[in-house]
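Model the placement of chain B on the given structure of chain A, informed by the hints.
Protein chains in written order, with our numbering: chain A, 9 to 150; chain B, 7 to 294.
The hints are simulated quantities; they were obtained by calculation from the structure and are not laboratory data. Note that the structure is predicted; figures quoted are calculated from it, not measured. Hints are not guaranteed to be accurate.
Said to hold, decoys possible - With a straight-line cut-off of 27 Å between C-alpha atoms, the simulated DSS-like cross-links for lysine-lysine are:
#1 K123(A) with K99(A)
#2 K139(B) with K14(B)
#3 K10(A) with K235(B)
#4 K28(B) with K123(A)
#5 K61(A) with K40(B)
#6 K40(B) with K88(B)
#7 K123(A) with K102(A)
#8 K11(A) with K199(B)
#9 K28(B) with K10(A)
#10 K14(B) with K110(A)
#11 K11(A) with K28(B)
#12 K10(A) with K236(B)
#13 K11(A) with K139(B)
#14 K14(B) with K11(A)
#15 K10(A) with K14(B)
#16 K215(B) with K28(B)
#17 K127(A) with K199(B)
#18 K11(A) with K40(B)
#19 K61(A) with K11(A)
#20 K88(B) with K235(B)
#21 K199(B) with K10(A)
#22 K61(A) with K99(A)
#23 K61(A) with K199(B)
Here is how the chains run, residue by residue.
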Amino acid sequence: MKKYFLFGAYLILSLVIGEFHPFSRLPMYNSFPNYAYIFYLSDENERLIPYLKYFDYSKNASYIAFFFYSICTQHNYPYGTDQEDPDHLEKTGKEIMDIILKNEDTTPFDFDTLKLYRKNYYIHNNQIRYTDYLMYEKAISR
Amino acid sequence: MKKRFLDKYFSAYTNAEWIIIKITISSFWLYIIKITSINKDAVPFPSGFCTFFDCSALVSSYTLVLFFLTACLLTVLYILEKWMIFTTISMFLVSLILFTLEDSNGILNYNVLYSMTFFVQFIAYYRNNANLKSERIQFPIQIIAAGYTLAGISKLYESGLGWVAQAPQASIQMLKNYCYAYYDTGDNLYLDKGMQLTTYALEHANTIKTLFAVSLFLELFACLALINKKSAFIYGLLLTSMHIGIFYFMHIIIIPVFIPMLTFMVNPWGLVYWSLSVISSPRQVLPR
Numbered sequence: 009m010k011k012y013f014l015f016g017a018y019l020i021l022s023l024v025i026g027e028f029h030p031f032s033r034l035p036m037y038n039s040f041p042n043y044a045y046i047f048y049l050s051d052e053n054e055r056l057i058p059y060l061k062y063f064d065y066s067k068n069a070s071y072i073a074f075f076f077y078s079i080c081t082q083h084n085y086p087y088g089t090d091q092e093d094p095d096h097l098e099k100t101g102k103e104i105m106d107i108i109l110k111n112e113d114t115t116p117f118d119f120d121t122l123k124l125y126r127k128n129y130y131i132h133n134n135q136i137r138y139t140d141y142l143m144y145e146k147a148i149s150r
Numbered sequence: 007m008k009k010r011f012l013d014k015y016f017s018a019y020t021n022a023e024w025i026i027i028k029i030t031i032s033s034f035w036l037y038i039i040k041i042t043s044i045n046k047d048a049v050p051f052p053s054g055f056c057t058f059f060d061c062s063a064l065v066s067s068y069t070l071v072l073f074f075l076t077a078c079l080l081t082v083l084y085i086l087e088k089w090m091i092f093t094t095i096s097m098f099l100v101s102l103i104l105f106t107l108e109d110s111n112g113i114l115n116y117n118v119l120y121s122m123t124f125f126v127q128f129i130a131y132y133r134n135n136a137n138l139k140s141e142r143i144q145f146p147i148q149i150i151a152a153g154y155t156l157a158g159i160s161k162l163y164e165s166g167l168g169w170v171a172q173a174p175q176a177s178i179q180m181l182k183n184y185c186y187a188y189y190d191t192g193d194n195l196y197l198d199k200g201m202q203l204t205t206y207a208l209e210h211a212n213t214i215k216t217l218f219a220v221s222l223f224l225e226l227f228a229c230l231a232l233i234n235k236k237s238a239f240i241y242g243l244l245l246t247s248m249h250i251g252i253f254y255f256m257h258i259i260i261i262p263v264f265i266p267m268l269t270f271m272v273n274p275w276g277l278v279y280w281s282l283s284v285i286s287s288p289r290q291v292l293p294r
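Only chain A is shown next, with the shape it has when bound in the complex (with noise of 0.2 Å):
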């Protein structure tokens, strides 16, 4: 019974508490929705940037995409399936953008121009399809 108690009191706990560092569920990858999101950059010459050419490891793009659901969640912004509004993808793409850009030197950077885009992968009659939405752009000073 020892060799079972631990195991049976975290998991009835974290199923009680959910997402509450020490506990949680666990929930990665636990549906797989008609829609993948990919956040990315590029310049005014729709060159690629890549995160980190030009950033560090806490602006990597999955870290990117988590920064994304986090802040539509915390105001609210129903998201997925490309249903957002113009506006809300606007605003979360302007604090993306502030985020990436804090506490960087950008002198040395060799663009004029930092655009997000999300790209959107989705399944149609078996098909792998994407859009592409410009959610933000800024103009670098340097």
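Coordinates of chain B only, in the frame set by chain A:
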């Protein structure tokens, strides 16, 4: 001879294995703590205990450096087996604070198993009974197994058995993770590999569904790992295979879950050390 070798290996946890486990788990913990400690100066999305208290005072660059230095010191004490009641509860508290701050910055990395590992080891050391050598390893395995079971229950709760049927739609999640690598680095190879695997997943829906069904089964019945050391090892190998499959198709390693599981359940370096020690002195180790 082979059977006797394995029986001996699975009969108990040795001190050498424990030292290897400690070095592995604390090194990865320190690495995650280092990543967690950088570039935070606010608590924009309060979570955990930060929903009750204003945690903004905890995220100045000075306090984060202090937390990291404390974590370095605690790692040394942990590996040297010094003041383990104090050390393990302190590691739990540092984890609790820093990982809550990370969650409160909108980054949900689910580092709960790390925090709980140190907490249950604190319980083992506090009890300090004759089974300490086993409990300081078996208690974390209970938490890790619970983590996998929770992940399985979460899938059933959110999607029901339809989670397996949804598997072909996971193809775009596979592509998403390869896209993350592409947009992080600008390397086109990630995009090509992602498209290739996604097309395969769409064209071989039944294969993907079968793999997903096996994964769900492994998660839900992770308690089977708790029977004994041998079951933990075998189940650990099965879960490792699952993670390798996830990495191949989805280009992600869920490090906060995978590393504790691999360290406590499989402990590959411990097995290598044990094998080498048997080879070097077979008469001392193998019973007649």
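Restraint status (C-alpha distance of K215(B) to K28(B) at most 27 Å): At roughly 37 Å apart (the allowed maximum being 27 Å), K28(B) and K215(B) break the hint.
K123(A) paired with K99(A) [C-alpha distance capped at 27 Å]: Distance of about 14 Å is within 27 Å: holds.
Hint consistency between K11(A) and K28(B) [alpha-carbon to alpha-carbon, up to 27 Å]: Roughly 21 Å between the alpha carbons, so the hint for K11(A) and K28(B) holds.
Hinted pair K14(B) and K110(A), Cα distance within 27 Å: 57 Å, violated
Hint consistency between K11(A) and K139(B) [alpha-carbon to alpha-carbon, up to 27 Å]: Status holds; Cα separation ~14 Å.
Straight-line alpha-carbon gap K10(A) to K14(B), limit 27 Å: 23 Å, holds
Hinted pair K40(B) and K88(B), Cα distance within 27 Å: Cα-Cα ~22 Å, so holds.
Proposed proximity, K10(A) with K199(B) (alpha carbon, max 27 Å): 47 Å, violated
Hinted pair K10(A) and K236(B), Cα distance within 27 Å: Distance ~17 Å between K10(A) and K236(B) Cα, so the pair holds.
Restraint check for K61(A) with K199(B), where alpha carbons must lie at most 27 Å apart: The hint holds at about 21 Å.
Holds or violated: K28(B) to K10(A), with C-alpha atoms at most 27 Å apart: 23 Å, holds
Restraint check for K11(A) with K199(B), where alpha carbons must lie at most 27 Å apart: Not OK: K11(A) and K199(B) at ~43 Å, beyond 27 Å, violated.
The structure is inconsistent with the numbered hints 4, 8, 10, 16, 18, 19 and 21, although it conforms to all the rest.
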